[in-house]
Every structure is written in C-alpha cells, then in structure tokens.
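Note that the protein sequences, when read in sequence, are chains A and B. Under my numbering, the residues of the first sequence are numbered 1 to 507, in order. Under my numbering, the residues of the second sequence are numbered 1 to 152, in order.
No lab work stands behind these hints: they were computed from the structure. Think of the CB as a built atom: it goes at the ideal place given N, C-alpha and C, for glycine as much as any other residue. Treat the hints with caution; some may be incorrect.
Said to hold, decoys possible - If you want the ones that stay clear, here's a sample from chain A, every Cβ over 12 angstroms from chain B, calculated:
1) L10
2) P58
3) F295
4) S349
5) I377
6) F397
7) A400
8) T469
Said to hold, decoys possible - The calculated label-pair distances, taken between Cβ atoms and stated as ranges, are:
9) A:P390 / B:V59: 44 to 54 angstroms
10) B:V20 / A:G490: 24 to 34 angstroms
11) B:T33 / A:I472: 37 to 47 angstroms
12) B:R149 / A:V393: 24 to 34 angstroms
What follows is each chain in one-letter form.
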Amino acid sequence: MSDFASNLALGFSVAFSWQAMWYCFVGVTLGTFIGVLPGIGALAAIALLLPLTFGMEPAHALIMLAGIYYGSNYGGSTASILLNLPGTPSSAVTCIEGYPMSQQGRAGVALFMTAIASFIGSICGMLIMAIFSPPIAALAFSFSAPEFFSLMVLGMVAASTLASGSPIKGLAMIGLGLILGMVGRDLYSGLLRFSYGVDQLYEGLPLVAVALGIFGLPEVIKNAGQITGRTVEARSISFSSMWPTRDDWRRSWGAMFRGTGLGSFFGALPGTGGLLASFMSYATERRVSKDPSRFGKGAIEGIAGPEAANNAAVQTAFIPTLTLGIPGDIVMAIMLGALTIHGIQPGVSVINNHPDLFWGLLVSFLFGNLMLLILNIPLIGLWVRILAIPYWVLYPFIIAFICIGVYSVSNSVVDLYVLMFFGVLGIVMNILRFEPAPLVLGLILGPMLEENLRRSLTLYRGSYTVFLTRPISALFIGIAVLILAWTIYGMFRARARRRAALAAGGE
Amino acid sequence: MSRIKAVDILAGGFVVLIGVLAIVESTSFDMGTSRRIGPGYFPFYVGVLMVLLGLVIAVENLWTRTASDFGWSLPPMRSPFLILAAVAAFAVMIERFGMFPSIFVAVFLGSLADTNTSIWQKLTISVAVPAVCVAIFKYGLSLNVDVIRWRP
Numbered sequence: 001m002s003d004f005a006s007n008l009a010l011g012f013s014v015a016f017s018w019q020a021m022w023y024c025f026v027g028v029t030l031g032t033f034i035g036v037l038p039g040i041g042a043l044a045a046i047a048l049l050l051p052l053t054f055g056m057e058p059a060h061a062l063i064m065l066a067g068i069y070y071g072s073n074y075g076g077s078t079a080s081i082l083l084n085l086p087g088t089p090s091s092a093v094t095c096i097e098g099y100p101m102s103q104q105g106r107a108g109v110a111l112f113m114t115a116i117a118s119f120i121g122s123i124c125g126m127l128i129m130a131i132f133s134p135p136i137a138a139l140a141f142s143f144s145a146p147e148f149f150s151l152m153v154l155g156m157v158a159a160s161t162l163a164s165g166s167p168i169k170g171l172a173m174i175g176l177g178l179i180l181g182m183v184g185r186d187l188y189s190g191l192l193r194f195s196y197g198v199d200q201l202y203e204g205l206p207l208v209a210v211a212l213g214i215f216g217l218p219e220v221i222k223n224a225g226q227i228t229g230r231t232v233e234a235r236s237i238s239f240s241s242m243w244p245t246r247d248d249w250r251r252s253w254g255a256m257f258r259g260t261g262l263g264s265f266f267g268a269l270p271g272t273g274g275l276l277a278s279f280m281s282y283a284t285e286r287r288v289s290k291d292p293s294r295f296g297k298g299a300i301e302g303i304a305g306p307e308a309a310n311n312a313a314v315q316t317a318f319i320p321t322l323t324l325g326i327p328g329d330i331v332m333a334i335m336l337g338a339l340t341i342h343g344i345q346p347g348v349s350v351i352n353n354h355p356d357l358f359w360g361l362l363v364s365f366l367f368g369n370l371m372l373l374i375l376n377i378p379l380i381g382l383w384v385r386i387l388a389i390p391y392w393v394l395y396p397f398i399i400a401f402i403c404i405g406v407y408s409v410s411n412s413v414v415d416l417y418v419l420m421f422f423g424v425l426g427i428v429m430n431i432l433r434f435e436p437a438p439l440v441l442g443l444i445l446g447p448m449l450e451e452n453l454r455r456s457l458t459l460y461r462g463s464y465t466v467f468l469t470r471p472i473s474a475l476f477i478g479i480a481v482l483i484l485a486w487t488i489y490g491m492f493r494a495r496a497r498r499r500a501a502l503a504a505g506g507e
Numbered sequence: 001m002s003r004i005k006a007v008d009i010l011a012g013g014f015v016v017l018i019g020v021l022a023i024v025e026s027t028s029f030d031m032g033t034s035r036r037i038g039p040g041y042f043p044f045y046v047g048v049l050m051v052l053l054g055l056v057i058a059v060e061n062l063w064t065r066t067a068s069d070f071g072w073s074l075p076p077m078r079s080p081f082l083i084l085a086a087v088a089a090f091a092v093m094i095e096r097f098g099m100f101p102s103i104f105v106a107v108f109l110g111s112l113a114d115t116n117t118s119i120w121q122k123l124t125i126s127v128a129v130p131a132v133c134v135a136i137f138k139y140g141l142s143l144n145v146d147v148i149r150w151r152p
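Bound-form chain A, shown alone (with noise of 0.2 angstroms):
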C-alpha cells in the first residue's frame, strides 16, 4: 500500500509540474476542438501532432497526446447534440437521444450531463487503472512468448468481430493490415519484404502517413463540399437552461455507472474500445428502462450511460497498452507508436522502468479531466460558436496540416506517397464497406505477433501445442474461439431471420 502511496506520489509530482500542466492543458483543450468539429476524429489529430511531440520529454508527450484522445470524447457529443452529427464516432450514439432534447429546447442539459457523465466516466476509469494496472503488470511478468501471441490474436479477434461492420471484413481487414506490418527489412534475415522496390520503406511504412492517408483523407474527400449551411443558436445555451431536473438526475446515476462498468471492461479487452463500449451502454439502458418507448426521443439515460462508457473506456484503455504493450483500441495502437519513437519499448516493463511516465499520466487524467470539466460547462457557449465555422473553411486547413504532419515526421517526400497510396486504399475500402480501424491494428501488432510466434515456436520445438498446453495461453486462446463462435452463431441467426423477412415480404 506504502508503494502505491509512493507512486501516487510520484505521478503527482510529474503531472502538477508547470510544464506537464500547460502540455495537459494543451492537450485536452484542442482534443476539444476537435472533437467538437465534425469530420476530424481523435485518431487523425493525434496523428497529425504526434511530429510535434518528438522535442518533449516523453512523459510530456504522452500526457499531451492523452489529453487530446480524451478530450475529444468530451467534445464529440457537442455535434451530435447540437447537429446530429457525431463528432468522433464513439459519439454517434449519443445522437440518437441528444439531438431530439435538443429539438425539444433541452440542449443546455444534454451537454451538461454529457460532460458530468464523461467527468464520472473518466475518473472511475483512472481509478480502475491505477488499481488493476500493477497486478496485471506483475502477472504479466510471467508471460512468455506464446502468452503474448495469444493475448494478441486475441485481441484482433475481439476487434474485428465485436466492432462495427461485418466481422469476417473486419478480420479481412486485420489480414491486411498484418500484410503491411512486414513491409520493410525482416529483423532477422535482413531481407526488405514487401517493398516493391521503394528502398525508403526499410524501416517499415510511416505510421502517420498511413493513418492519415485511411483515417483523414477520406473523410475529407466525403465532407468536401457536402456539409454545407448549418447554423447553430448560440445564444440558447444559457448556463441555467443547463441544470437538469431532479428527475433527470434521478434517470441518469444508474445509467452513468452501469455505462462506467462496461466502459472499463470494454476498454480494458485489448482491440475493443469506447465505440463498442458506447452502444453496450445505450442497448442496455433500453433494456434495463421501466419506459423503453421514450428512447429515441430524448430520452436523457441513453446520453448519460453512453458517454460514462466511451470515456471510461478511453481511460481504461491505457492498462494494456501500458502494462502489456498491447493497444486496448485503435487509438492507443498510435499511441504505442508514439512511445517507440520516444524510444520507450512498449512492453511490460514500461511501469517498472519508467514509473514517472506510468503515474504522471494517469494522475494528468485527474487534472485533465477537470479542465475538462470548465471548459465543458461553464465554456461551452465557445464550442457550440466553433461548430458554426463552415466547412468550405476547414477543411482546406486539414488538407495543409494533413500533408505538413505527415511530411514533418522525417523531412521525406516518399511519406506523402505514401500518404496518397493510403487515401486510395482508404476510398476503395469506403467503397468496399470495409472498416479501417483493424487494419491499423493489425499493422502495428504485426511485427510483434511474427516475433512472438517466431520465438514461441524456437523455444517450444516447434510444436503449436505450446499455445494450448500453456493455461493463460490456452485461456486467451479460447476466449478468442468463443467469440468466433458467437460471431458466427449470430451470422447464421441474422440469415435466418433475413430469409424469414424476406420470406414475409413475399418476394
């Protein structure tokens, strides 16, 4: 207990230095921004500021990049609210109920208790972290190689089926994304693969450009010239029209920690995160509600226990990409990358090694969180006048920063082709309906599973045993084929369902 008095101590000594402060500020504030505005997620800005991060100290760094994953969270629901257009995609749910209160003239509310719920959501999830992340770190210590490939498939396992989308493209997707991890020189033979004679791509494709290219590309060429003429009334969210009833706060304690609840696990299962987190929440309010027929028409515990989730989610997330090395979302698998440019080996050593960056970051989430909390309710008459900046005007700064980010990284032109590459993969995969999520998860746990496999099968004769006869191995193994399972269960039970509507139609 004296240790984790210690570490707390510790943590709070890195977060409330003056720099760390101004860093976390920094971050959470244009996490914000963006996510406030529509058509620019969380894992595009990161991206595109991770080259601004290479002079910090990696603490710093990572305290700032953070900042802006979570306040995006916090932002994201103003658009759905206010627009009905999510400004991240965990925050698409939160349309569903935010813009009918908002038709209602119950506006001020919704944001209001999107930001106490985010507030709640946030903390229970730190504080999850700060309990749960030791132990597994010392357990992980006893994983071996073939534990880590099973933790790993199994994670893109629980990524591409449980996600958005069809699972059987979603785990297309991973394939492919695993195909692009081998781009680059082979560490052990030396041979360049898959390099199609570009000599520049020897240490492996650009993170950045890739994510840009199949995240913020496409979305630009989709919103280019298509969000037009939207105006939003600013001057009707007065702080008192934001008080929610007694009765709104009644509805919305239990819907914001049962959503906590499953934000947590959600965000803890490596692969899965706030998006998947967010729907559980609002399916399960549904359920659970006395009155299912006022949801879909401000129904204010479907914004609550939605919001609770993807910002617990967020939080938890981090446990095992740091304790593990093993990127609990899409997010974290470029926040991994970030830490392997600031030569940190993401791994389990990382607590050990580097406490200061393990407790500094998780103590930065109280204070980034509060700010959050400011610049969220008293504040938030400043973002809903953001949103009414029109997107002729945005979007050619994206296009800039876009190129400017990616080619910042390593002074290198061949990025920006690669850049380019991307952003036609990106559209023919729009145009396909494949999900890119898993395939920049599979792209940044490729070498790792190739190496893990590699070295389980040296140190095990070559046996696939191994990863059956070993318990936690065999345990995450078979968690992987119970999802599959149910995957498939659920495919074949949405066909038969299909054929008896069909069937009904009488077509």
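Starting from the known structure of chain A, fit chain B onto it as the hints suggest.
Just chain B, lined up with the frame of chain A:
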C-alpha cells in the same frame, strides 16, 4: 432473389487478390521450418488466411442471397480526384518551392472540390491557409522547412 450484392463479391475478390500477392511475395523468401521460421513463413500463412477470408466474404453473400440493397454505385469522383491532386501537388512542390507556394497550390486544388463556394472564397482561403501554416509551423514550431525556395 437472383440479385446479388456486387459490393461483397468485389470485396471478396479484393481480399483474395491481396492474399495471392502475399503468397507470391512469400515464395521469394525462405519458408524455414516451424522450429526456425524463415522470412517467408508468416506472410505465406497470412496470405492463405486472406484467400480463405476473401472466399468466405464473396461466397457468404452468394449463399445468403438477400435481395436487399444492391446499393453499389461509384461515388462522385470530383472530390477524391481533387484532394489527391492537392496532396500530389504538395509532394511535388515542397522541396522545390517551399512551404507557402506548395500549400497555396494544394489548398487551391483542394478547394475546387467544394462547388458551392465562389472563386473569391477559394482564392482567399488559398492565401489564408498557407499564411497561417507558415505562422504556426515555421515561426511557432520552428519547423525546418523553407517558406519559399527556388530549386525547380
């Protein structure tokens, strides 16, 4: 009931194609043995997995044969073309002419994607964006890029 979702057939074909590419690439490397896997081992099996997944994607929909959404048409090409052209312009120009001119051209090309704005709005934004970028990146963050240079 004979209509099929063309998009899933194409998607399946796309995945199979990538799998085949991976298998072809892997054959130029040593497979090794399972005790000591070579550089061709992992790509080969991922490629095989991709081919299988691609077949499942294509076949699954032939097999479900839902008559619902044929829903596939080429999206408008104007915006993708112009925005990729913007990135290409930046890539070609940045090391020859520096930050301001390259962003000016990129933003102008990009702004053509929005057909609702006037030419004056497009030109204004094409000057404003590089100006702001120079202020932020060159003077704010001291990025090591020339504002204007001449090395065609």
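Against the structure, the hints come out as follows:
no.: 1; hint: L10; result: holds, 30 angstroms
no.: 2; hint: P58; result: holds, 19 angstroms
no.: 3; hint: F295; result: holds, 25 angstroms
no.: 4; hint: S349; result: holds, 25 angstroms
no.: 5; hint: I377; result: holds, 29 angstroms
no.: 6; hint: F397; result: violated, 6 angstroms
no.: 7; hint: A400; result: violated, 5 angstroms
no.: 8; hint: T469; result: holds, 16 angstroms
no.: 9; hint: A:P390 / B:V59: 44 to 54 angstroms; result: holds, 46 angstroms
no.: 10; hint: B:V20 / A:G490: 24 to 34 angstroms; result: holds, 29 angstroms
no.: 11; hint: B:T33 / A:I472: 37 to 47 angstroms; result: violated, 27 angstroms
no.: 12; hint: B:R149 / A:V393: 24 to 34 angstroms; result: holds, 28 angstroms
Going down the numbered hints, you'll see the structure goes against 6, 7, 11, while the others check out.
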